[in-house]
Amino acid sequence: MARKRSDHANPFVYARALAPEEAIERADEVRLLLERAAGGHAMTVYAARRMGKTSLLKQLRAAAEGKKMPSVLIDLSDVLSVADVAVRLEQAYRALPGRLARVVGRELGGLGFTTPLGGFTFQRRGEASDPVATVHSLLEVPARIAERSGQRVLVILDEFQALIDLQGLDGVFRSHLQHQAQVSYVFCGSEPSLLRALFEDRARPLYGQAQQLRLGRIAFEAAHDFVAARFSQTGKDSGAATPELVHLSELHPQRLMLLAHFLWEQVRDEPATISDLRLAYDSAMRAVDLELRYLWDGLSANERRVLAAVASGLSPYQAEARAMAGLASASSAQRAAQALLDRAILERDEAEALHILDPLLARWVRRHGGARLSVYVVPGPSGTFVVTDGPSLAFTRSEHSTLEEAQTEADRIAASDRGADVMIYDTDDPNDLPDWALGERALEG
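With the first letter of the sequence shown counted as 1, position 72 gets the number 72 in this note's numbering; the numbers rise by one all the way through.
Keep in mind the hints are simulated off the structure, nothing from the lab. Quantities reported herein were computed from a predicted structural model and do not represent experimental measurements. Please note: incorrect hints may appear among the correct ones.
[As the list claims (entries may be wrong)] Beta-carbon label-pair distances, calculated as ranges:
#1 A330 x Y207: 28 to 34 Å
#2 R268 x N431: 32 to 38 Å
#3 R268 x Q178: 56 to 62 Å
No residue lacks a Cβ here, since even glycine has one placed at the ideal position from N, Cα and C.
Take these sequences, add in the hints, and give me the full structure.
Structure, rendered in structure tokens:
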């Protein structure tokens with residue numbers, strides 16, 4: 001019998017930047033940034049790619065508009081020259097709505113330049129086309145808007161680290177930033193090491209000019225409620241799979257959307273189950289396989305070895321991990337780990353331990369990248385025992401009526417999979433089980 005199809009479009013969008021209403025709300029971060037902006041403070045927002053930075057910035061602009069604070073978002077990604085920067089500034093200003101557009105029109109007047117690639121051209125009468133001079137003039141526009149409107153102006157500069165290769169341009173920005181009392185700036189970037197270099201290197205003009213905010217993972221409760229609500233609003237029920245889906249995403253915004261997207265596609269009339277989630281997870285892994293393989297192929301041999309060690313739950317600086325992964329020395333592990341941290345492939349937790357930022361990459365490395373697999377035996381429903389090849393019931397490989405049968409299967413998997421680690425939980429006491437193994441019992445508690 002064919003399953004009934006939903007009349008709603010899939011509400012979980014993962015392949016493009018999201019509108020504010022499509023994304024999980026970052027209320028605390030938006031509140032902090034808006035408070036700092038209202039106080040005239042400059043901020044830097046560091047975030048790895050796909051951690052929801054662009055969605056946050058759109059939410060920030062919407063909140064600023066609600067406070068009657070004019071704002072402009074300038075995307076500096078992939079700029080190649082000073083003239084490119086001038087074009088991005090001019091385009092962002094001209095996109096401002098209503099009466100602000102008229103103010104911008106008067107301020108830009110006949111100001112002009114020509115990009116090296118033959119883009120938009122406009123010229124102030126009687127002046128030479130000098131891109132640096134044009135940027136200077138364009139950077140004064142927010143102050144003019146503030147002056148004419150009588151309101152503080154918020155300027156958001158996304159992918160600001162692109163300026164690091166344009167010699168002297170960060171100094172041009174500082175020369176305006178320090179004199180604009182009614183303009184607040186938010187500098188954002190998805191390459192944390194480069195953005196930090198602009199603001200933390202004492203030799204750079206912007207050293208110490210902005211407070212810092214690192215955009216981390218989303219809150220569990222916000223993620224859980226978002227998924228459940230979007231399912232409900234489209235006539236479906238994420239059911240018992242909801243907390244496990246959030247657990248699998250490791251609170252990574254884009255990966256949460258990806259997994260929820262495929263779970264929504266899997267579910268029809270009945271509430272989602274762990275079995276549905278297992279199928280959705282496999283679909284998600286197939287969807288990202290080429291992307292992750294491309295990333296893996298672009299890494300050096302030692303970077304791959306470090307990732308294999310970290311995916312195995314080991315520190316790459318330990319002798320055991322270096323022997324397993326083939327790292328020649330602690331110094332080579334350190335250099336490779338730092339390169340991965342700089343590219344935001346790895347991150348450090350509060351205890352300074354290394355983790356792979358993308359949970360799907362971590363799973364991929366365990367499957368294909370030489371990492372040691374972890375096999376678990378945990379109590380299942382109705383007195384059974386479940387064998388999983390990872391810390392989730394969505395990774396269930398088999399279910400057995402006795403502990404002995406489950407142990408035998410776990411040992412078989414370990415023997416055939418690069419000597420995986422086997423962990424046995426032979427208790428029903430929830431206090432002695434990992435959270436992920438509780439399944440629906442966690443909801444009952």
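- So the hint says 28 to 34 Å: do the beta-carbon atoms of A330 and Y207 match that? holds (32 Å)
- Falls inside 32 to 38 Å, the C-beta gap from R268 to N431? For R268 and N431 the Cβ distance comes to about 37 Å; the hint holds.
- Falls inside 56 to 62 Å, the C-beta gap from R268 to Q178? This hint holds: roughly 59 Å between Cβ atoms.
Checked against the numbered hints given earlier, this structure breaks none of them.
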